[in-house]
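Engineer: One letter stands for each residue in the lines below.
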Amino acid sequence: DAGVTQSPTHLIKTRGQQVTLRCSPKSGHDTVSWYQQALGQGPQFIFQYYEEEERQRGNFPDRFSGHQFPNYSSELNVNALLLGDSALYLCASSSYDRASGYTFGSGTRLTVV
Amino acid sequence: DAKTTQPNSMESNEEEPVHLPCNHSTISGTDYIHWYRQLPSQGPEYVIHGLTSNVNNRMASLAIAEDRKSSTLILHRATLRDAAVYYCINMEYGNKLVFGAGTILRVKS
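These protein sequence lines map, in sequence, to chains A and B.
Following our numbering, the numbering of the first sequence begins with 1 at its first residue and continues without gaps.
Following our numbering, the numbering of the second sequence begins with 1001 at its first residue and continues without gaps.
Bound conformation, chain B alone (with noise of 0.2 Å):
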């Protein structure tokens, strides 16, 4: 599985959009890029998925660079339940979630 390289920590004002980064320079043609998120004392969440093309969803847009040597989380309107660790993780199709550190959100009121 590829490795995922994001910040330690990022901090967002309420109601401001947020772009989380992700850097993946080893992805192969065939992983995809999952995005998964955990609030405090609950399991992951799924967030949002793409391989080339960006999505849309109701939680979240996903952009996925040309060379897919790196994608950005975008939350549009950050809000306080959005505070959580976001995962980026590079997933072979059929294959297991392989999870890094994560980037600790924090959105100030």
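Excised from the complex, chain A in its bound form (with noise of 0.2 Å):
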């Protein structure tokens, strides 16, 4: 049974420049999370998607944004970017309920110079 799986693995971006992330749910999830997690620290919310809606949100800038797919799967945008978004970002997807808990994708390295 695959889990998530994210892509790119690494990602190498200039200042200013734009990005896109995506994430594929594990099987019978329905439920996306997005997480930035800078060196050395815990991963922090970005937003949640459900039934192709935000439902909640962190405290990221607009310059973070997201959609999720009819068939769950979902991406993370960040424009302009900034040398400060370099960080691993994190997918996790769930059941609506979170009964079974989330499920972590191993991230994407995001370096921006």
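If you are wondering where the hints come from, they were derived from the structure by calculation, not from laboratory data.
Just so you know, not all the hints are guaranteed correct.
[To be verified] On the chain A side, residues computed to face chain B include the following (Cβ under 8 Å): (1) H29; (2) S33; (3) A38; (4) G42; (5) Q48; (6) Y50; (7) Q56; (8) T103; (9) F104; (10) G105.
The C-beta atom is built at its ideal place from N, Cα and C for all residues, glycine as well.
Dock the two chains into a complex; use the hints.
Structural biologist: Structure representation (structure tokens):
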């Protein structure tokens, strides 16, 4: 049973550029959450998607946006990249009631230069 | 989301039990207690969760204090593969996970 799949695994972008990260949830899960993890810190919640709508949002600027598709996969878009956006971006999937917990992908390592 | 307090780091010997404590004095009656761990270069991994009663699964046991203001994650026999950052999280049912800094567990051979 495939878990959460994220692509790409690594990415290097230049300041001011835009980036799109992708996530395929675990089979049977319909909710996708995105997290940003800076080096040495715990993951920080960005937002969560269910039924193709953003349901919850953390303290992140509007430069961070997302989308969920009918097959439950999701994209995270970041515009006008800053050096501070360099981090590991994690996708987590779950059923909406969270009864079985969250399953995380291995993340996308984004480096902004 | 309730704030949790964990030791910054702990050390254990291989093959011995490990008790990882977590304080959550402001937990609400509907918050679940979740534990996740993150191995190096990987995303967090679900370990166990509970509400009021102690819980056991193949990975660990969760002991919850009677007043629910603290809990302990128990790894019965630590292995080198258990070296990770362990996060204790109070989560309202149906809500998001809010991570703190966690406890770095080091396992010595």
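Engineer: Which numbered hints are broken by the structure, listed smallest first?
Structural biologist: Of the numbered hints given earlier, those the structure breaks are 1, 3 and 6, listed in rising order.
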